[in-house]
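Protein chains in written order, with the numbering used here: chain Y, 1 to 171; chain R, 1 to 318.
A couple of the hints might just be wrong.
As the list claims (entries may be wrong) - So the derived list for chain Y, only partly shown, Cβ under 8 angstroms to chain R, looks like this:
| # | residue |
| --- | --- |
| 1 | 58 |
| 2 | 61 |
| 3 | 84 |
Claimed, not checked - Covered stretches of chain R, going by a simulated chain Y footprint (3 or more residues, C-beta under 8 angstroms):
| # | stretch |
| --- | --- |
| 4 | 138-147 |
| 5 | 159-166 |
| 6 | 171-180 |
No wet-lab data here; the hints were simulated from the structure. Backbone N, C-alpha and C define an ideal beta-carbon position, used for all residues, glycine too.
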Amino acid sequence: MRIMLAGLIWIVFVGGLALYTHRQGVTPVATETPGELRMAEGQYELEITTTFTVEPDPFALQSDEGEKPAGLLVRLGDREVLRKTDRLEAGIPIRVAPLFGLVEGTNEIYLEASPPLDHIGKINGVRVQIQRDGQAIVEQTFWSLPGGKVADTLRFSLAAVNQKESQDGHK
Amino acid sequence: MKAFLLVGISVLMGMSLTLVAAEDSVATRKPVLVCSTTQIADFTREIVGDQCVVKSILAPGADPHTYMPTPQDAKIVLGADLCLQNGLHLEGKNWMGTLARDANKPLVTCTKGIKPIELEAEGEKIADPHAWFSARNVAVYVNNILRAVSRLDPSEQGRYAARAKLYLQQLRVLDVWVREQVNRISPQRRILVTSHDAFNYFCQEYKFNSQYNYLSLAPVGWSTGSEVGAGMTPRRRKKVIDSIRNYGAPAVFVETSVNPKLIREIAKEAGIDVGGKLYSDSMGESGTAGETYIGMMRENVLTIVTALKIGVKEGKQE
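Looking at chain Y on its own, in the form it has when it is part of the complex:
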């Protein structure tokens, strides 16, 4: 009788524990569902102009064999929208047209541009401009530390076509 009772308690104890741990593993965690993203209306273009000759960065990450290091890299969120692995002359604008993927609300464009290594002590600049239907709506210039590469994020907000755009969250 005692043995049966002990076995019963054992089954209840272990079974309960297993059920509890299983439920912990599968219980869905409450997640925040983001609001629906609306694509921004209009035709967008990105224009980038550097104050320096862009060269492939010898210090770039090359995780895949054979991948050429980029001198100029532009990302919209996780997506690469521009990768230049050749030498680019200073002052000549580079365009991405059309620029897809902009949404109503906050957008971020990340860019990296690599100057020649012998640019000792020089501060390098990159002007970034967003145009909608041929009109400049956002523009900003980013500067490097002396001799360093330019790496920064253009943050701007796009409203519906008839509303005013803002940069860095300022309306």
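On the provided structure of chain Y, position chain R as indicated by the hints.
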């Protein structure tokens, strides 16, 4: 009854704890990476963080050209998941390759993809192995190590790549800083004389020894061992002393991993001072400024710039 229940529960809990502990030890078993030199170990640590165990066969201050592996080294390599070496015959008589082969372990050569500086000696062409003296080359080491550890442990590839990216940015900052510092020395005074021929990449990258096609000046060849083009010859010794006199080198430098006796004799004979001690084939002891690659390069550059620009007496070297 109560005692019986208590014993039962205790046994169950004990078994559960044992199972949990066993599972933990399997899950936390870290890959072991065994590196030949202190530099390779430092680059590797920067990429893998604490996610792998990184060991270096060479201790700080040891000479990779003449090193003789010990039974303890063979034991360390036996426990490795991956071995990493510099290559280009830095590891004299291929000691790291032999250790890895004997233990049947995969071996990665970190200089793969670097265009070596070719030196000529006794009619033979020798690839200079001291490629880490250009920060730009170290970016190649880092990418090679990243690829190897990502293949070994693909589940952590993202974290390895993120660390490598940060380290590459630090290397770029270091490179720009070295150029800026070196630029303070006039090209005529930018003469680097060291114990052995380890600084060819440094001279080419940062423009020292223009009189010698931007190659290093040293009484001892590319290796301190007995290979072709290695060791000290009276001809090399004379060339160094003549160069110091002809071009007015302000100072000469000893190296932490090479016996300083010869370079001190040369300094005395040429009538100049020893400008300080440079890290070359090995980094500094733990706790010193030269214990990392970036620290080693920084200290070397400060020693060189101070001695060549300001002069030894004012710079208070040695």
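Less than 8 angstroms between beta-carbons is the criterion; does residue 58 of chain Y satisfy it with respect to chain R?
5 angstroms, holds
Counting residues of the stretch 138-147 of chain R whose CB is closer than 8 angstroms to a CB in chain Y, do you get three or more?
holds (count 4)
Report holds or violated for the interface hint on residue 84 of chain Y, using the least CB-CB distance to chain R and a cut-off of 8 angstroms.
18 angstroms, violated
Per the coverage rule (Cβ-Cβ under 8 angstroms, at least three residues), is the stretch 171-180 of chain R covered by chain Y?
Since three or more residues must qualify, the claim that chain Y covers the stretch 171-180 of chain R holds, with 7 doing so at under 8 angstroms.
For the stretch 159-166 of chain R, count the residues whose Cβ lies under 8 angstroms from any Cβ of chain Y; is that count three or more?
holds (count 3)
Hint residue 61 of chain Y vs chain R: min CB-CB distance below 8 angstroms?
5 angstroms, holds
Violation of the numbered hints given earlier is confined to hint 3; every other hint is satisfied by the structure.
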